[in-house]
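Guided by the hints, dock chain B onto chain A, whose structure is given.
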Amino acid sequence: MKIRDVFALSTGNLRRNRMRSVLTITGVTIGIAAIVFLVSLGFGLQNLSIKKITSLDALTTITVSPGNNAQTKLNEETVNKFKGIKGVSNVSTTFSVPSQISYNNKTTDSVTYGLNPEYIDIEGLKIKEGKSFSSNDAKEVIVSQSILKVFDVKDYKSVLGQDLEVNFIVLDDEGNIKKIDESLSKQKLKIVGFVEEEKNNVYISIDHLKPLGLKLYNRTKVKVNDKADLESIRSQIDALGFTTISVKDTINQIDKVFLIVKIILGAFGMIALLVASIGIFNTMTIALLERTHEIGVMKAIGATDKDIKWTFISEVSVIGLLGGILGVISGIIGGYIINWLVNSLAKALGGEPNTLFYTPIEFILIAIGFSFFVSTLAGFYPAKRASKLSPIEALRYE
Amino acid sequence: MAKKPVIKTVNLCKYYQMGKTTVRANQKINIEVYSGEFVIIFGQSGCGKSTLMSLLAGLDEPTSGEILVRGEKLNGLNALQLAKYRRTKIGMVFQQYNLIKTMTAVENVALPLTFDGRPKRLRTQRAENCLDMVGMQSYKDHTPAELSGGQQQRVAIARAWVTSPWIVLADEPTGNLDSKSANDIMELLKKLSVKSKRIVVLITHNPDYIKYADKVFYIRDGVITKVTGKSKSVKKSKPKVTLEFLEIDPKIVRDLKKVGYKSAQDIISAKISDLIQVSGVNEVEAAKIQKAATKFLEGEETGDSGSTEGNEADEDLEGENSGSLTS
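Top line first, the protein sequences correspond to chains A and B.
Numbering-wise (my numbering), the first sequence opens with residue 1 and increments by one.
Numbering-wise (my numbering), the second sequence opens with residue 1001 and increments by one.
Isolated chain A (complex conformation) (with noise of 0.2 angstroms):
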């Protein structure tokens, strides 16, 4: 028998009880739907909470502190042996130094952070109120929202603007307090920004800290051009002794992390799927309990074994296929309602919108095709039995 004719026969069989067929690849449908919106939802919440806490530029910047030994302390020297390393775009220091601020009369300890106000994206600076410095040399400064909490502010964005008073202290080699002139310690500076951050820091442009004298960099961001040498280029900084962290760890972990909650998400899915395919059991059982004496007549007339089998299965392919579609369609779509209700409530309420789901084509095509092999699997056994039925036991059977 040629396989169009097995498929014509198998699809007139799945016309000629066509509430059942329906009802039977709703089930389908509806198990791959719940698989396809769980672990679309674990995909949309992992990009979530990446995006949530690293941007691009940090994906393709390294940070390097300094290692045990005297050659591997962070000066001008080991900056641009760093800026010498093939890919690298450029680095970024900062200089540390522990401070005294003042605010409205009240004073507290802090530690003050000069960076470069170019690189204020790659030092993973995230501005939640205000602005950046307007230029190397404005006297301007940006704090932590744990130091606004200390001088006892209520409302955030009336310190924009406000001066803040900044005294810097300076240690010697030997850790003494260093004599500096005051017109360099003391500084008054103009807040323009505050990030959400639990540490007493200030951040402003390292402009101000060089004249200080310091040295040594307390830590260093190398910014690669490529976020795939990321790797390699790192190795390199590691060999040379330095200690280096990239975002990358942290995205492993949150990978990890999401791979299990996609595989639980996907287990709930399954849970339906299963049902489904029992259901795809049952059909197929029952079918071939009313097909008893029809396949008896098809093979006395010459079907073969191999003729009933195949019936059978493209039937039960034909309902993994259909379902499997109809089921990612149904969950993408799903997926879409729960998202929009769920950022009207947030918009409601005065949050921001969010991506929920995400279905990588991939995994559409892995649902698909799971369906269709999970439906043949389930028709195996009723399409064996079916093809092995004695033709003259069958012919009896009314």
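What the hints contain is simulated information worked out from the structure, not anything from laboratory work.
In this text, a Cβ means the ideal position worked out from N, Cα and C, and glycines have one as well.
Careful: at least some of the hints might be erroneous.
[Said to hold, decoys possible] List time: in silico DSBU-like cross-link candidates among lysine-lysine, alpha-carbon distance up to 35 angstroms:
1. K248/A with K227/A
2. K179/A with K215/A
3. K1120/B with K2/A
4. K1073/B with K388/A
5. K1101/B with K306/A
6. K248/A with K83/A
7. K1073/B with K2/A
8. K306/A with K1073/B
9. K1101/B with K1020/B
10. K1140/B with K384/A
[Unchecked claim] From chain B, some residues computed to sit far from chain A (all C-beta separations above 10 angstroms):
11. V1010
12. K1020
13. T1021
14. K1028
15. E1032
16. A1057
17. D1060
18. S1064
19. L1068
20. M1092
21. R1121
22. T1124
23. G1229
24. V1253
25. V1284
Chain B in isolation, oriented as in the chain A frame:
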């Protein structure tokens, strides 16, 4: 006997186990059926005639003994070969018609060809021809539910004929029909049997149908008790062996006819040397005639003239339907 039987059974036995008792459905059945015969297996229900039919159809395996179809053993075939045998050499007509309910008449008729992997155009064409043959052409797109019992049985008969099988097996084909339809079906089967020169093996318990048969096997308690027949096989087995049939030069045939020889028998009864003198044929031709005549005489004893019959009525399926069981 000039012909080899198409169906021959040798001590065919079929026993069933029903609980602790062994049912001897068929015991030492020895039958021979020849090309073109309309055969009835007659017996009361439960006598084992349906079992015999299943064995002939290759649907069931004998407990012992042999079934030979054109000399080939049926018991030796595997499942796939048996399916092929049923598909191409056997046509089946059932009491309950057994059409596939979801298919139209023409699809039902074409089904054996579908199983045989024939292209759609060919099988539709062939199925329509067969429907025409049983007078159901105008119902070709009807489903079985839209047809009367008699009409369904006609479609089933068309299905049995569609592959130009060697043997058509009909198991109580009129059992579910009123007497008018039943007679129509019997007439149709008889007509088709004669026209197509197919073997029809009909199972019945209705003695009225015995008149249709060339040969009747009476079966009781699994044993053939009597065989009657018009011995059609013997009569038919003497084909007219004409001079043309023996492929002798047409010119000589003309000459021989002029002097009164009509067939090879005539030649043999005359002296060859006389023949040469009378009609003036040369020695080479004379030798040829003698050889042909001798061949004929040998054929009279052992030859199979069955092969000369049957095929012209078939619009044959690409001429494939001959040869061995599984070809």
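A quick look at each hint next to the structure:
At roughly 10 angstroms between alpha-carbon atoms, K248/A and K227/A fall within 35 angstroms of each other, so this suggested pair holds. For the proposed pair K179/A and K215/A, the alpha carbon gap of about 16 angstroms is at most 35 angstroms, so the pair holds. In summary, the hint linking K1120/B to K2/A is supported, as the alpha carbons are separated by about 10 angstroms, within the 35 angstroms threshold. For the proposed pair K1073/B and K388/A, the alpha carbon gap of about 23 angstroms is at most 35 angstroms, so the pair holds.
Restraint check for K1101/B and K306/A: satisfied, since their Cα atoms lie roughly 22 angstroms apart, inside the 35 angstroms limit. The suggested pairing of K248/A with K83/A holds, with an alpha-carbon distance near 21 angstroms, which does not exceed 35 angstroms. Note on K1073/B and K2/A: the hinted pairing holds, with a Cα-Cα distance of about 29 angstroms set against a maximum of 35 angstroms. At most 35 angstroms may separate the alpha-carbon atoms for a hinted pair to count; K306/A and K1073/B meet this at roughly 24 angstroms.
Under the criterion of a C-alpha separation no larger than 35 angstroms, the hint pairing K1101/B with K1020/B is inconsistent with the structure, at around 38 angstroms. Using a Cα cut-off of 35 angstroms, the hinted pair K1140/B and K384/A holds, with the two alpha carbons roughly 33 angstroms apart. Distance to chain A confirms V1010/B as a non-interface residue, since its nearest Cβ pair spans about 22 angstroms, more than 10 angstroms. The Cβ of K1020/B lies farther than 10 angstroms from every Cβ of chain A, with a closest approach of about 20 angstroms, so its non-interface assignment holds.
Once the 10 angstroms rule is applied to beta carbons, T1021/B is consistent with being away from chain A; the minimum gap is 19 angstroms. No Cβ of chain A comes within 10 angstroms of the Cβ of K1028/B; the nearest lies about 21 angstroms off, and the non-interface call holds. With a cut of 10 angstroms on Cβ distances, E1032/B stays outside the contact zone with chain A, its closest approach being about 24 angstroms. The Cβ of A1057/B sits about 7 angstroms from the closest Cβ of chain A, inside the 10 angstroms cut-off, so the non-interface label is violated.
In this structure D1060/B is not separated from chain A by more than 10 angstroms, as the shortest Cβ-Cβ distance comes to only about 5 angstroms. Residue placement check: S1064/B keeps its beta carbon more than 10 angstroms from all beta carbons of chain A (closest about 18 angstroms). No beta-carbon of chain A is positioned within 10 angstroms of the beta-carbon of L1068/B; the least distance is around 20 angstroms. For M1092/B, the requirement that its beta carbon stay farther than 10 angstroms from each beta carbon of chain A is not met, with the minimum near 5 angstroms.
Every C-beta of chain A lies more than 10 angstroms from that of R1121/B, the closest at about 13 angstroms, which supports listing it as non-interface. At roughly 12 angstroms from the closest C-beta of chain A, the C-beta of T1124/B stays outside 10 angstroms, upholding its exclusion from the interface. Residue placement check: G1229/B keeps its beta carbon more than 10 angstroms from all beta carbons of chain A (closest about 28 angstroms). The beta carbon of V1253/B sits about 45 angstroms from the closest Cβ of chain A, which is more than 10 angstroms, so the claim that it is off the interface holds.
Taking the minimum C-beta to C-beta distance to chain A, about 51 angstroms, the non-interface status of V1284/B holds against the 10 angstroms cut.
Violation of the numbered hints given earlier is confined to hints 9, 16, 17 and 20; the remaining hints are satisfied by the structure.
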